[in-house]
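J.: Mind docking chain R on chain L? Use the hints.
Protein sequence lines correspond, in order, to chains L and R. For the first sequence, numbering that gives the first Met the number 0 begins at 0 and goes up steadily by one. For the second sequence, numbering that gives the first Met the number 0 begins at 0 and goes up steadily by one.
Hints listed in this document are in silico derivations from the structure and should not be mistaken for laboratory results. Keep in mind that the hints are not guaranteed to be accurate.
A short, non-exhaustive set of chain L residues, derived as facing chain R with CB atoms under 7 angstroms [stated by the list, open to error]: (1) ALA303; (2) ASP382; (3) PHE385; (4) TYR386; (5) ALA389; (6) ARG390; (7) GLY391; (8) LEU392; (9) ASP393; (10) MET400; (11) GLY404; (12) GLY407; (13) GLU408; (14) TRP427.
Covered by chain L, per the in silico footprint, the following chain R stretches (three or more residues, Cβ under 8 angstroms) [what the hints assert, rightly or not]: (15) 120 to 129; (16) 191 to 200.
Owing to the predicted nature of the structure, the values given are computational and were not obtained by experimental measurement. Here a beta-carbon is modelled for each residue, glycine too, at the ideal position from N, C-alpha and C.
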Amino acid sequence: MSSATTNETPPAPVEAFAQVEQAGGPLLPLRKAGLARFAERGYPTTNDEDWRFTSLKSLTDLPFLPTLEPLDQALGLADIAEITFGQHDVNRLVFVDGHFSSDLSVISEQTDGVTVTNLSSSLNGLENEIGSLSANDENPFIGLNDAFFTDGALIRIPANGRLSKLVHLVFISTANEAGQAAHIRNWIEAGANAQGTIIESHLSLGQAAASTNVVTETRVNAGANLEHIKFQDQSLNAIHLASLHSELSDDARYAFHSFALGARLSRNNLRMRLAKPGIECVLNGLYMTRANQLADHHMIVDHAAPHCDSHEYFNGILDDQSRGVFHGRIVVQPVAQKTDAKQTNKNLILSDNATANTKPQLEIYADDVKCTHGATIGEMDDDAIFYLRARGLDTKTARRMLMHGFAGEIVDRIQHDGIREELDELVWNRLEGEHHLD
Amino acid sequence: MLEIKNLQAGIENKPILKGIDLSVNAGEVHAIMGPNGSGKSTLASVLAGRDGYDVTGGEVLLQDDDLLDLAPEERAREGVFLAFQYPVEIPGVNSAYFLRSAVNEIRKHRGEEELDAMNFLKAVKAKMKELGLSEDFLKRPVNAGFSGGEKKRNEILQMAMLNPKLAVLDETDSGLDIDALRIVADGVNRLKGTDNAQVVITHYQRLLDYIVPDFVHVLYDGRIIKSGDKTLAHELEEKGYDWLIRDAA
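Chain L with its partners taken away, still in its complex shape:
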């Protein structure tokens, strides 16, 4: 695979790195290596197969202004109350432009041995772990994140432990200057037979074209059950680049739910490694786009052990000139007999100018497996509308019900009752605002 960047002048990140280098610290080797990885490839272009449908021009046209220092102006709870969930008794970690805000955060975890904190405050021992799950990925944004990340969440649930409360990670982009670039790094680890629910929200305060680059490494150990919800609702000028690397062990259950509602451009790279037998991995996502938004989910599910199940369900609702991109690659290695892998991507197109690109990619090297995939792109089902009308519901109600159902299929897979109900209402209110609904 070739990268088409020509580096006659060094890209802005290389220049900006001097400040990071000067600061030094135990992560400097990781940071240097990351910068080198980025510099080698540069920003991906649409010539890269993995970025074929997703142009990064809106990002590369911007200056590169990493938010290496926290903002002077302090935010209060009132500033963020309007834009985020607030109805749950949670452990809440708030980061503003990639910097931890202890004033806005509430940590009241009750379970012994659980760590819920910000990464930079307790790096001891993690120097060698950070980057271990994302190391093999060629994505240049990981290198960039290695080089520039300022902070992020550190969550560790000990073996047999259970989070007594939901953990809510709130990432706020102040977005008051075009080109602001927050780099966030999260490390999440569920010990053997541990359980918990984590939700991360990504939101914008301002409307400037700011970017967020977030890398999350997740280790789910044997028998653990982790539910991970991501709610991205940044401003329609924002650029959101995310990479999630999860390594799952024996009989682990991991469900990741992605709600991509905001951002001009959002890209979620999901990399699942099913390393031991008996794993159940669910990737479940809803993208709702309008105006000139682009929402891209790009996943690789690597079945590297037998008797594992993986399911991917992604629904998109696309309006105006927006675009939804889905790339689902499933690799079933020779050892991974009795794999059960399912993948569906459904796109509901509300406007003549909206586009969906969907690309399933199954690579199966074992013979005793079940793998299915299906993709649809279309308008609302006329037969379904007629069926509802034949029961007395008018067209408008029928269309609303179908759209709600289409989104509801995804929302309903969230196990956490409170979050499911809140997201259901939020998604529904957002759909009610769709001008092409009727």
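T.: Relative to the frame of chain L, chain R by itself:
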């Protein structure tokens, strides 16, 4: 109740119904039989108001109202119910939510008070029991992943809840084993009353062992070529349609 006069309809300039006359009174059950391609399902679709069919002549009156002028939802509210041959799967839409919305639309239209969740559940659970549907049914999305028998029973459940004046059952027996057929037929028979009517469209006589019609009509090439009482159905079972088609030609 229902008056069909010289109804002509087709798809994309292709005539399918070529002049149907049918009169159905309250309290009656009519069976419409006929070979494949005779226009049976087209008749059901035209009565329910499905898009894509052009009515080129004739009229349909429901209790003296012109049915063909009404949108599908208005027909439903006026009391027309079509039990679909192929009920549509609607993933993500909860069965209870859907059915309560439908019931309340129709109650509203009739000037009746809407059912709250409690009263709806009470009513629907009683009907579900009669149809042998388990309670988890209400939590499932409409028809999604249902077996053929479950889908047909769901149609009858909706019919029981909506309490139509005119029920049109389009090949409700197709895909049912004999036990399911009996349950479905029992459900239909329970709804029979002096103030409503049923039109049962079927290819096979076997459904009519359980839903006994007052009249049997044979549809062929878009016209009713023969009408009679229930003995006509038995005659068709024995002799097939060919003798009638020859006579009609």
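J.: Run every hint past the structure and note whether it holds.
T.: Structure-based check of all given hints:
no.	hint	in the structure
1	ALA303	violated, 31 angstroms
2	ASP382	holds, 5 angstroms
3	PHE385	holds, 6 angstroms
4	TYR386	holds, 4 angstroms
5	ALA389	holds, 5 angstroms
6	ARG390	holds, 4 angstroms
7	GLY391	holds, 4 angstroms
8	LEU392	holds, 6 angstroms
9	ASP393	holds, 5 angstroms
10	MET400	holds, 6 angstroms
11	GLY404	holds, 3 angstroms
12	GLY407	holds, 4 angstroms
13	GLU408	holds, 4 angstroms
14	TRP427	violated, 12 angstroms
15	120 to 129	violated (count 0)
16	191 to 200	violated (count 0)
In summary, the numbered hints that this structure violates are 1, 14, 15 and 16.
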